[in-house]
Amino acid sequence: RKEVEQDPGPFNVPEGATVAFNCTYSNSASQSFFWYRQDCRKEPKLLMSVYSSGNEDGRFTAQLNRASQYISLLIRDSKLSDSATYLCVLQADSNYQLIWGAGTKLIIKP
Amino acid sequence: NAGVTQTPKFQVLKTGQSMTLQCAQDMNHNSMYWYRQDPGMGLRLIYYSASEGTTDKGEVPNGYNVSRLNKREFSLRLESAAPSQTSVYFCASSDRTGRWPQHFGDGTRLSIL
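Sequence lines, in order, name chains A and B. Under the working numbering, read the first sequence as residues 1 to 110, first letter to last. Under the working numbering, read the second sequence as residues 1 to 113, first letter to last.
None of these hints come from the bench; they were simulated from the model. In this text, a Cβ means the ideal position worked out from N, Cα and C, and glycines have one as well. Don't take each hint at face value.
Said to hold, decoys possible - Reference listing, derived: stretches of chain A covered by chain B, where coverage requires no fewer than 3 residues with Cβ under 8 Å from a Cβ of chain B:
#, segment
1, 53 to 62
2, 75 to 82
Said to hold, decoys possible - Selected chain B positions facing chain A (Cβ under 7 Å, derived; list incomplete):
#, residue
3, 38
4, 42
5, 90
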């Protein structure tokens, strides 16, 4: 089983809709979690960290479910500019290494 | 404010050739990283440098070497390129290792024929 698993998509969503996708992880000792965004042929950029209590940044909400070992990302009122690949990332232990999911591709259609 | 700068952006090599990918950051970050990204896979860490003067292997170090030249610069060298090293290479930096946000360069698209 992969350490981090994401549905590759693509998720095709009309503009203005709400979309959510999950990321499951296998290491229960994982400590820190993040969502990065990557546009086509560009570098990844940090979207938001994921906190145990859940956190919100504008239209974006991230949740962590330790019991079921997944994190989620909810995007409300989606915009065309939200089209990108969303990468789930976690830090497995106190060491340096971040573990990256392969990403979920999101396409927002007008 | 350049952030993380990688050169070159594109390169085509023949099997067995060598080359060095350059990376520099101007954010005064302590930690720097080299990743490769292949289709359908997450980023995989090749090498990292937690601080100036130190380097350590990541998940996929074979076939690569690195040099942390100073606090700003971290280079990746392919001594004898192989087709399996065809990939997109990203350099990143962060204030510290681990949970600190990583800032990425634009990437180098490398093809080995």
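Holds or violated: the segment 53 to 62 of chain A covered by chain B, criterion of 3 or more residues with Cβ-Cβ distance under 8 Å? violated (count 0)
Per-residue hint verdict: residue 90/B, partner chain A, C-beta under 7 Å: It holds, given that the least Cβ distance between residue 90/B and chain A is near 6 Å, below 7 Å.
Chain A contact restraint on residue 42/B - CB to CB distance below 7 Å: holds, 3 Å
With a cut-off of 8 Å between beta carbons, are at least three residues of the segment 75 to 82 of chain A near chain B? violated (count 0)
Does residue 38/B hold up as a contact with chain A if the rule is Cβ-Cβ below 7 Å? violated, 9 Å
In this structure, the earlier hints numbered 1, 2 and 3 are contradicted, and the remaining ones agree with it.
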